[in-house]
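*Asks:* Residues per chain, in single letters:
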Amino acid sequence: MGAKIAYYWNLYWHVLSMQLRSRMSFRLNFFVMLVGVFLREAATLALMVVLVQKFDGLAGWRTWEIAFLYSFVTLTFRNFSSFVGGIGTIPALVRTGEMDVYLLTPSDPLFLINCRNTMIWRSFYNIGIFAVTLYCAYQAGIAFTPGAVCCLAVLILCGMFILFAVYLIVYAAAIRVVEVSALLKILDGVYKQYMVYPIPIYGRVAAWIFTFLLPLGLASYYPSGVLLNRVSGLTMGWGTLAIAAAACLWVAAALLLWRASIRKYNSTGT
Amino acid sequence: MKQLWDYLKVSCKIELENQLIFRSNFFVSILFVIIRVVMLLALWSALYQGKTQVEGISLATMKCYTIVSIVFELFIACKVENSITEKVKDGSISMMLTRPASYPVTLFIEHLAGTFQAVVVWVVPYLLVIFLCGFAKGAQLYLGPWFWLSAAGAYLLMFFYQFFFGMIAFWTQEINGFLQARDAVMLVFSGSMVPLWFFPGRLFSIAQYLPFQAMYSTPLSIMIGKIAGADIRTALLVQAGWILGFGFLAQFCWRKSRRRMIVNGG
Amino acid sequence: MSTDSILSVEHLTKKFTIVAGRKGLAGAIRNLFNPVKREITAVNDITFSVKEGEIVGFLGPNGAGKSTTIKMLTGILTPTSGSASVNGLIPYQQPRKNARNIGVVFGQRSRLWWNLPVQDSFEYTKALYQIPENVFRENLRYFSDDFGVDEILTKPVRTLSLGQKMRAEIAMAMLHNPRILYLDEPTIGLDVVGKNELHQLIQRINADRGVTIVLVTHDVLDIERLCRRVMIIDKGSLIWHGEIEDLKRAKGVEKHYHVLYENPCTPIELPFLKVAQADGQRHHYICTEDVPLDDILPRILETGRVVDFTVTDPPLDQVMRRIYTE
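Chains as they are written, first to last, in the numbering used here: chain X, 9 to 278; chain U, 84 to 349; chain D, 7 to 332.
Worth double-checking, as some hints may not be accurate.
Computed, partial: chain D to chain U, Cβ under 10 Å [claimed, not checked]: (1) I24; (2) V25; (3) A26; (4) G30; (5) I35; (6) N37; (7) A284.
Listed below are several chain U residues computed to face chain D (Cβ distance under 7 Å; list not exhaustive) [unchecked claim]: (8) L103; (9) R106; (10) E169; (11) K170.
If you're looking for bench data, these hints aren't it; they were derived computationally from the structure. Glycine included, C-beta positions come from ideal geometry on N, C-alpha and C.
Kindly generate the complete structure, drawing on both the sequences and the hints.
*Replies:* Right, dumping it as structure tokens:
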């Protein structure tokens with residue numbers, strides 16, 4: 009076990025250093041990107057605040073609470089795409105047949121795919137969004153007790169892993185050479201545009217779907233609701249535990265599905 | 084002229100066929116449009132809870148605005164910028180000079196073909212769903228000539244706008260961050276996400292000085308009667324100004340880059 | 007399965023389901039609601055085994071099922087039925103364990119890092135396969151000294167020629183001392199000189215390291231230069247396997263006899279012998295039946311004083327052409 013961890017740890021940093029060296033254009037664009045990303049997220053957040061303020065809150069949530077939910081979703085999505093977003097190349101790898109190369113090594117293919125296509129340096133852009141999230145949390149009236157800080161940290165992580173699981177399930181489908189680009193667009197859109205509001209507004213059926221079937225709510229409404237004490241019947245501690253447990257289950261299920269799909273991989277080309 | 088018409092027909096056919104190649108993608112794309120409508124309508128209903136009018140707009144009108152703005156977005160969607168930047172990246176842009184038709188005209192034909200595809204694939208089934216569900220009941224809409232004129236204007240403006248930014252890719256390819264920021268500004272100030280009249284005073288006046296409102300907000304506002312009477316003429320004049328401006332800029336950049344291609348060999 | 011075979015395959019079969027699209031716009035719309043599915047058999051009931059240290063060739067036209075077979079042997083694909091055993095492992099059940107025993111080179115798919123010097127790709131392989139430092143150094147020295155890999159070690163991959171790139175790929179695939187090396191179209195796109203160099207490299211590796219080599223190619227020259235044994239796959243089935251000499255004997259029944267006499271003389275006449283050329287001293291006979299040389303040689307010798315005598319087999323590509331058209 010220890011040797012295995014050491015192997016993957018060593019491999020990860022090795023690949024990362026190679027990635028950084030092989031991307032030559034990366035420094036030029038770096039600061040412009042930083043500003044661009046920040047502007048983009050800040051602008052949409054500001055818009056949201058303006059809108060909700062005009063209507064004096066939404067479904068019982070006050071403006072800053074919505075702002076916190078919004079920034080939480082944004083942060084989670086960016087965390088997902090910078091830390092485990094390398095798996096996003098899977099559909100393309102399947103299409104070009106490049107996937108073969110990843111299946112021919114003694115390393116775990118999923119690990120190798122993620123680290124050879126990682127965008128981890130993008131996590132640097134997340135710093136600004138993280139700061140905004142904290143600010144919104146403060147404005148929304150979350151007291152920064154040690155317990156709350158722990159819960160926030162755990163929930164941010166869980167959010168990332170829930171997204172990881174959901175996307176991995178779609179990518180597992182892509183292994184069977186199913187065209188998934190439209191499905192991915194839906195996922196992106198639904199999460200980034202509609203999970204930024206409390207899911208009960210979409211009606212009971214939709215709320216159920218986003219809790220159990222397509223668990224995007226577990227990476228948006230529930231974590232922020234738990235922290236803001238807006239989900240009836242769930243305290244912060246128990247809510248966090250429940251979400252963490254659900255995250256573990258989803259990740260395990262997604263990994264199993266992925267393994268099964270890999271076995272059915274039909275390499276394209278001759 | 085005959086040639087261009089034939090090219091348009093072929094482009095439309097190809098665009099449509101491309102859309103139909105992947106079964107799952109096709110059905111899922113239609114599903115997405117429906118999901119968007121349902122969720123946005125739910126959002127506005129939730130916002131309007133316990134209110135009849137905000138800023139003089141009723142919930143029914145707002146729902147209409149939402150539905151039409153989604154159709155409008157599909158209708159106006161434009162891939163010209165992408166098409167140019169890709170050709171610049173792989174160097175095939177210089178091939179465009181060897182064609183008998185002028186590149187800007189070809190681009191516009193591609194734009195038309197893209198719209199044709201979007202209308203057939205998305206807009207028609209989408210409208211069907213909407214009328215079947217009766218989503219748009221209880222709103223007063225203006226769908227007269229001024230609306231169509233401003234919609235056509237927005238369509239043209241979108242084309243020149245993307246053409247212009249595509250041409251910029253010629254001079255520098257390191258503009259990703261800039262484009263991110265630009266798209267953010269566009270998202271806010273076009274009114275496609277949140278209608279401009281909900282903006283606080285100062286933001287609203289900034290929006291008036293930017294080209295983005297002429298792409299979405301102007302036609303949509305005319306449709307729901309938020310812009311009426313003499314204001315229509317002003318809005319259309321502003322829109323025409325932007326079209327001319329971007330049209331001129333795009334043409335200018337194209338001339339420059341064509342000269343550069345001939346001199347440097349692409 | 008015999009004890010000395012490192013690789014054995016029994017009744018290996020792979021089927022794919024493909025969606026066959028109709029053409030045209032109307033077809034595209036019909037495809038949406040009623041797609042046509044078709045099952046194709048890419049590999050059909052193949053059985054063979056490979057001995058340790060052998061170079062064996064897989065020959066067949068494009069799309070014959072060679073690569074699909076190799077992908078099952080390397081653990082990328084799971085067969086529909088049948089079994090394969092590589093060095094005691096079932097590759098598609100333990101692909102990662104299997105990966106340590108094998109090296110793979112795809113002629114059309116680079117595993118090198120495009121923007122970085124070759125050295126970096128080697129270091130990456132070292133981390134990936136956990137190659138011990140001394141083994142890594144030793145292998146690096148082997149390839150540097152004998153195959154000029156050292157001169158390309160510090161160059162970015164994108165600046166290399168195709169031949170250099172291929173040499174680097176093969177060296178990289180050998181760094182972890184695999185027992186079996188799969189080469190999938192290694193000479194594709196190379197010119198005559200490049201092919202020649204690569205043939206030498208492959209032969210040397212096989213001789214020095216005792217590594218078993220499975221060579222997949224559609225190029226007859228590769229097979230003729232490198233392999234003693236060949237398997238011919240066409241339309242998914244193994245249509246022939248065995249020694250190349252036997253193949254020529256079995257399929258290429260033509261043999262050519264060139265005789266140079268001291269003095270002009272009249273050509274011999276035998277029912278199975280065709281006279282292709284007989285202008286005085288120089289005679290060229292083509293034998294179209296499988297007749298032992300014993301039956302022909304005495305007649306040639308008694309016709310006149312022989313200065314030179316050569317027998318040539320038909321070239322392999324001619325044999326192949328005959329096989330495919332049969």
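*Asks:* Mind checking the CB of K170(U) against every CB in chain D and telling me if the closest is under 7 Å?
*Replies:* Constraint on K170(U) not satisfied, violated at 22 Å.
*Asks:* Does the interface hint hold: is G30(D) within less than 10 Å of chain U, judged Cβ to Cβ?
*Replies:* Where the cut-off is 10 Å and the nearest Cβ of chain U is about 8 Å from G30(D), the hint holds.
*Asks:* Under 7 Å, Cβ to Cβ, is where L103(U) needs to be relative to chain D, so tell me if that hint holds or is violated.
*Replies:* holds (4 Å)
*Asks:* Double-check E169(U) for me: the hint is only fine if its C-beta lies closer than 7 Å to a C-beta in chain D.
*Replies:* violated (20 Å)
*Asks:* With 10 Å as the cut and Cβ atoms as the points, is A284(D) at the interface with chain U?
*Replies:* At 59 Å from the nearest chain U Cβ, A284(D) fails the 10 Å test, so the hint is violated.
*Asks:* Given I24(D) as an interface hint, is its Cβ closer than 10 Å to any Cβ of chain U?
*Replies:* It is violated, given that the least Cβ distance between I24(D) and chain U is near 14 Å, above 10 Å.
*Asks:* Please verify that hint: N37(D), Cβ, nearest Cβ of chain U, below 10 Å or not.
*Replies:* Interface hint status for N37(D): holds (7 Å vs cutoff 10 Å).
*Asks:* Does V25(D) pass the interface hint, meaning its C-beta sits closer than 10 Å to a C-beta of chain U?
*Replies:* Because about 8 Å separates V25(D) from the closest Cβ in chain U, which is inside the 10 Å limit, the hint holds.
*Asks:* Would you settle whether the hint for I35(D) is holds or violated, based on the nearest Cβ-Cβ distance to chain U being less than 10 Å?
*Replies:* Because about 6 Å separates I35(D) from the closest Cβ in chain U, which is inside the 10 Å limit, the hint holds.
*Asks:* Please check whether A26(D) passes as an interface residue: C-beta within 10 Å of a C-beta belonging to chain U.
*Replies:* violated (13 Å)
*Asks:* Hint R106(U) vs chain D: min CB-CB distance below 7 Å?
*Replies:* Holds - the Cβ of R106(U) comes within 7 Å of chain D, reaching about 6 Å at its closest.
Of the numbered hints stated above, those contradicted by the structure are hints 1, 3, 7, 10, 11, listed in ascending order.
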